[in-house]
Structures are given as C-alpha cells and as structure tokens.
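Protein sequence lines, in the order shown, are assigned to chains L and X. Using the working numbering, read the first sequence as starting at 1 and increasing by one per residue. Using the working numbering, read the second sequence as starting at 1001 and increasing by one per residue.
Read the hints as simulated data drawn from the structure, not as lab findings.
Within a straight-line C-alpha distance of at most 27 Å, the following computed DSSO-like cross-link-like pairs (lysine-lysine) qualify:
(1) X:1097 to L:177
(2) L:73 to X:1280
(3) L:177 to X:1055
(4) L:298 to L:243
(5) L:108 to X:1097
(6) X:1174 to X:1070
The primary structure of each chain is shown beneath.
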Amino acid sequence: MKIFELCLFALVAAAPTAPAAAAPADAAGGETSAALPAAPAEAQSSSATPASSPRFIYGTPGEKYPYYAGLPKELLPYNKVEPYERFFITRMPFRGPGRDYPPPPDLKSLRIGLLDSPKYGPNWERSVHTREGVVLAMEEANRARPPGQLPFELVEREGMAQWGGAANITADLADDKVLGFLGTIDGAEAHVALRVTLKTEIVMINTSDPDPSLTETNIPWLIRVFPDQRLEEAKLAELIVHKFGCQRIAILREGDRYGRLGVHSFMAFARRLGCPAVQELLFKPGDTDIHHQIAAIKDSQPDAVFFIGEPDDIGRFVKQFRQEGIQARFFGTNLLMDGRFLQNAGEAAEGMMITYFFDLARKDPLWVSFVARFKERWGHEPDAFAAYAYDGAQIMINAVQRAGPNRWRIRDQVCNVDFYQGVTGWMRFDAIGNNISPVPVVRFEHGRWVFEPEPEFTPSVAQQ
Amino acid sequence: MSTQTTPSVRTIAGIVLVFSLLPGTGSSARAATTPAETTALPIPVVTRFENFGEKDGLPSHKVHSVLKTKDGKLWLGTNNGLCVREPEGKFHCYGTKDGLSHPTVLWMAEDPGTGDLWLATMQGLSRFSGGQFTVFTQTNSGLPNNVVYGVAVIDGTVWAATAGGTGAYHLKTKSWKIYDQNNTVMEEPWCYSIAAGDGVVYLGVWAGGIVEHDPKTGSFKAYRDPDGDFQFQLTPDSGPVVDVTSGVAYDDGILWQSTYFGLSRYDTKEATWRTWVQDKTPLVSNFINTVFARGRVAWLATDRGASVTDGTSWVNYIVDENGRGVVRIYRPGQEPETRTMTTALANGFVTAIWADDHEAWFATSNGLSHGVFAAPTNSPTVASNP
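If we strip away everything but chain L, and leave its shape as in the complex, we get (with noise of 0.2 Å):
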C-alpha cells in the first residue's frame, strides 16, 4: 500500500463514527469533522475545501493506476509483448482554466442534473430506480444543509430514443446551469452525453451504464461508479474455463449494440483463455422463435451456454434450450436477477450462474440503513440501480459541498476520488474513473439467488 493512502486509510480506520442522529447524512457518506483526506493537488489550491467524508480517499495526480481493470495477465489482449505505449496508466488532468472563476451570479440553489433513460424502452424502469436514489441522496443532502445554506436542486431530462438525442439534453443541460450531472443507463446515450461534457465543461457521473468504451475516451469529466460489462465477463469467462473446465462456449446473444459490446470481451477473454466460442448466435429483442439457433446451438455440443440479453428474453430462451436437451452450464449477466428471467425460466432456472454487484442481502450497516431509509421513502426495496445512483449523488453531493459552486473544481473533486465506501461497498477507481471492484458470482439454487463467498474488498485488499 502507497503510503499516503495508509495514511489516509489510518484517518478513515480512526474517525469516530457519527452519533445516530446524524445516520442519514453520515450513512449516506455526508461530512464529518473528523478527518480529513487529502484534497487533489488542484483542489487544494481552492479556498472552498471544507471538512469531508471519512469514506473519500482522493488520489495523486500522476500516480500510476491499475491497468486494464486490474485483470490478470492472461485476460490482457496481445499479453505475450509489451505494446508500444500503454494508456490509461495515470490520471488524466484537466488542464484547462476555470478554478478561479468565480460563482454563477443570482445563484439560487445548487442544480445537479439528472439523465434518465428514455421512456417505455427495456431500461426504463431500470431508470426510475436509479431516480430514486438519486433524489433520495439530494433530500438527505438537502436535509442535512445548514441554515442559510443554498439547496440542491435536481434538474430533471428525459432521454429520447433516438441516436444522438442525449447530446442534445446534455447541452440543453448546460444551458441550464447545472453543476455536474448523472446518468445514464443506455451506452449509446452516455457516449454522446460524454462528448458533449467535454465542449461545455460539467463533470458527468455515470451509475448504470455497462459500456467498457464509455470511460475509455479520456475525456477527463466523468467517472462510473458501476461495474462494467469487462469486469462480469472476465469473472464468467474465468469461472467457464479455469473453474468448471468447460471447453466448448456456445453465447446466445440480443443484436443491439448492448449484447454486441457485451460479447465482445467475453469472446476475446474465453480465446485467450484457450476456449474460444464454438458459436455465436443473435436474436432480436422480444424474439420468440429462436428454433434454428437452438438447432445451431445443439448441434456444437456446448458445455457452457453464455446468454446475453434482457431478463425475460433469456428467461423463455433457458426454458426452451433445457425443453430441447441442452444439458450444457448456462451463464448469463447481472440482468438476470430480476423476476421476469426467473418467472419466464421456471425450473430451467435451476443452476444458472451470473455474476452481480454485490449481496442484496448485505447484514453491513451503511447497506442496511440505505435500505431501511430507501424502503421509508419509495415504499419498496432498492435494487443495484437504485444503489449505484445513490452512491454516484453522494460522490457529485460531496464534491459539490468541498469545491462551492465551481465546475472545474467539482470536476477535480469528482474524478480524484480513488476509493469511495458508499452503501454498495468500497469502490477502487482506476485512472480513467471506472469502479474496479471485484463483481461476486451468483448461483440459482434451490429456488433462491446465492453469493459464492468473496473476500471483503476494501482499499487494503485492493492494494495488495
């Protein structure tokens, strides 16, 4: 462990833990006096650094980062040579003015956007949930403000079903004044919000897109709080090949870009693991005839069947191939948990292995109290979606709290952060904003979802 981050974990270990009166502001990573980690070097030049979250571990800048996840060796693309130059290495600065400037005039609260997803499509509800734990994060933040003190104001934008349609919210964003903003589930939609981030200067953190490429723009204004696709498949590919021994890799998957980016690390991971897939066949989303790729499918003699695609898609898809005599293991994405796969699959459920964020059943306490607070306002239970925003509002909250009413220093705050405890567990950020940490592997057994056992990741365990 780099020995500014033991101190710093030292600070963390040793902050009194806040009284329980306090417990939404403090479970939900508000301030405390009592420590304080050390600011980014840019930051620090700001004379708006107040006392922050003992749960903010800031980096370095130039300090060297994880490479390609963090994934082992043998998972690395052309892992046989050294290639000419490696990105992503160290952090990417912003480098432009900005930290100076002073506050937006006749400022009447502190506006934070919010991406959602596009009406009536499959991540839509995925979207409502993720609004709800952003708005509970900015009533808790709201709640906890000092008198006199400016609100949060949450600025709300529907995305649009079209291609290129979140560049121009993003920009309508903008023009709205908005501090930094969250969002959004659909990769296409967060690609094209990022580049707009870049012309109009306001931090983005992403908390439910999946999409390995969106982060690997350099673009220093954004940061993703959620696991993306690369760390599930890699997780999968591993447990395929080295646990089970499979060695022949059927992957059923959707033909949108979502099922086609997803496959597309899993494919080249299980290669270099020596198993390349046998087949590789697509479906259109609400399919229901897909005879002649279980025929195709059957014919390879898989020993392990990847699905890739929406929960109730999949769910009619593993009944038909164990209907069909398929006996082969079947291995699906996070998306999988979630009642329309287990109500459309019945028993072929049985047995499917995915991998997840982390243990909904958690017993810890920031995870117990985010859910009891969650359940009070929304009247239900929060899923992963839910979560992650949470945690990504907390991130943009606190930044906002440190850095006053300035983009650029938000900015640094927001993507200097190295290691963050929000209510989903330690995230580890690597050079270009992605949360690394490890995603556990799921099993449906005997009718019910069960964790396989994972070490507790906290920054210790993430340095060694």
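Keeping the supplied structure of chain L fixed, place chain X upon it in accordance with the hints.
Positioned in the frame of chain L, the structure of chain X alone reads:
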C-alpha cells in the same frame, strides 16, 4: 480540419529562428549545439503572441474556434456568440438575439463560392449570409442531430458532423443526406470533424477512426486502429493511433488525425502512417483538441499548448507554471532546445488554430492569441516532406 481552398503553404520553409527578436530570452535550457540563430526550420515559428480576452470585448473567456476568411476578416466561435474582429481591432459579436442558433459556436467554415459562413453550434447549424442568420435544426431540416461539432463546405455541399451522423446539405438542390451507421462503414454515428481531401471527404468519427467517402462513387473506407484496443498502441506507425478521433485535417496529400491519445499522419500518396504519443516523441500532449493543416505542416491545439510539425521538426509552445511562454524546438538528430519567450499563449488549453504563411491565430480556453511569425531572412523554399 482544414477545409480551406486558399493556397496551401508551400513557401513557409526556410523561416529562420531569429531569437535576437526575443529580448530577454537569455535564460534557457538550451542544449542544442547548433546556434539557433542560424538554423532554419521547415515550419513557421512564432516569435511573440498578442492576446485578447474579455477585457478586449470578447463575450466569453472560452474561444472554441477561429477562422480567417478570404476577405481578411477574423471570425471567432466563442462560448457566448460569434465574433468578428473589426479592422480597427474591436470585436463585434452576434448572439441568439441576432438569430444565431445557440451561443456556443464550436466550429466554422467559409463557403468559398459565396463567402457565407457556416457555424456548428450546440443547438443546430447556422448560416451567416449578408448579415442574416439562417438556422438548420433536426426538426426543420435534414440535420441528423442538433449538436454540431464540425462543419465544412466542399464542392457545393455543406457537411455537418453531428452527434447523430454526418449531414450533407446540397446547396443547389437544398436537399439533405444523412451518413450514419446504416449506410456507411461507421459502427456508431458519432461524428466530430470533416475535412476535404483530393476528391474525397474525410469524416472524423468518435470511436470509428476516420471514414473516407468518395461522393462520386458513393464508396466508404474506414481507417481504424489496427490493434483494435483503446488501452494501448501495440506498434507505432501502423495506422491511426486510436479510433477516438477528435479532429481530421488534410492538405497536400497528408491526412492528420488528432485524438486524445496522440497524433496520426497518413501520407495518401505513399499510403504510409506515422504516429506520435507524448513522452516518446516531441508531441507536447496526447490530448489534442483539434488539428489544422496547411501544406505539409500540422498545427495541433492541445491541452498543454500548441505544437507545429511537419512530422520531423517540431516547435511546441507551452505556458509554464509561472505563466511564461516557453518554446521548445526539436530538430532531427539534435537535442531539443528550450527557450523562454517574452510573451505567452493566452492559455495553455488550446482549442483550435488557424494559420497561413504570415500569422497564426489560437483559440484557447481563456482568450484568443495572435501568433506573429519570425520574419524570413532568406529566400523561401519549398517545404520538403521528410
């Protein structure tokens, strides 16, 4: 993104560094063995900067784009409107109240036939003609998306690079055609930049490298990162440094690609690639906002200053931590030479550059800079490609 039809620079060569023009440049980290005063460079050299900001009448600290039109007017696309520099040096600015589609003007292009100005804004494409603005949006025209990053006028067609594809507006027929992932080799329709080639159009595509389009045949060809991975460059000089293109520019047979990962250069006649990344080459920063080509020279607008190169010699202009201008010169086979300047760029975060044989203009995140070149002291010669 040079889409100008003005004669490209072929007489820049031979400009001599005359550091005696730079009073007070005594302290330097100079390591060259050849006296700079007598060493010619085949690329133009700025000896001083004149800077302009809000106090001079600019409506915003941030300037996104700069263009000098054929009539000699200097136009600025800022965060808060379109400005033109009057002959006496004052800036006259236009905003949404005048009919501009959005205050943020990201790029500009001149129609060489009419002198009309086409403006890429965050909320549509605007035409400035005869003192009047005409606005094209995705609801009143065939523009693919309202966020327009780049624009060029090529052979009677206005090409607009948008977040939803490239739109081509034929000026005579007033018809639009959209180029995106459905009818080209683009995987995604996110376009950033347009450049005119010799009979072809180059589209700088975000995550799609460079797409070459021949309007006559309707064909498309993609130039992609050969290793296919954003995380590294496997080998140098083998193709585009990466697929995330921030800008393209073309002149005299040379296609340049700017990225946030380095610089690529494609010699279209020899079909050869060269690439540069910071730390391993003289490139001042991997983060290149835009590239401007003139002759066989590229001007690079980076987050750490400006670079000028013909691919062999380099001159980098940076602003040090004390706000002083620093020029660093790289000659083939020689140690780099570093000198302080009496003036500096208005800001090290350079967003765009325009240059001709006599001067360069730099759009930065904190004002506009005018780069005054060293006076040539010997007969101009034709720049040679290394």
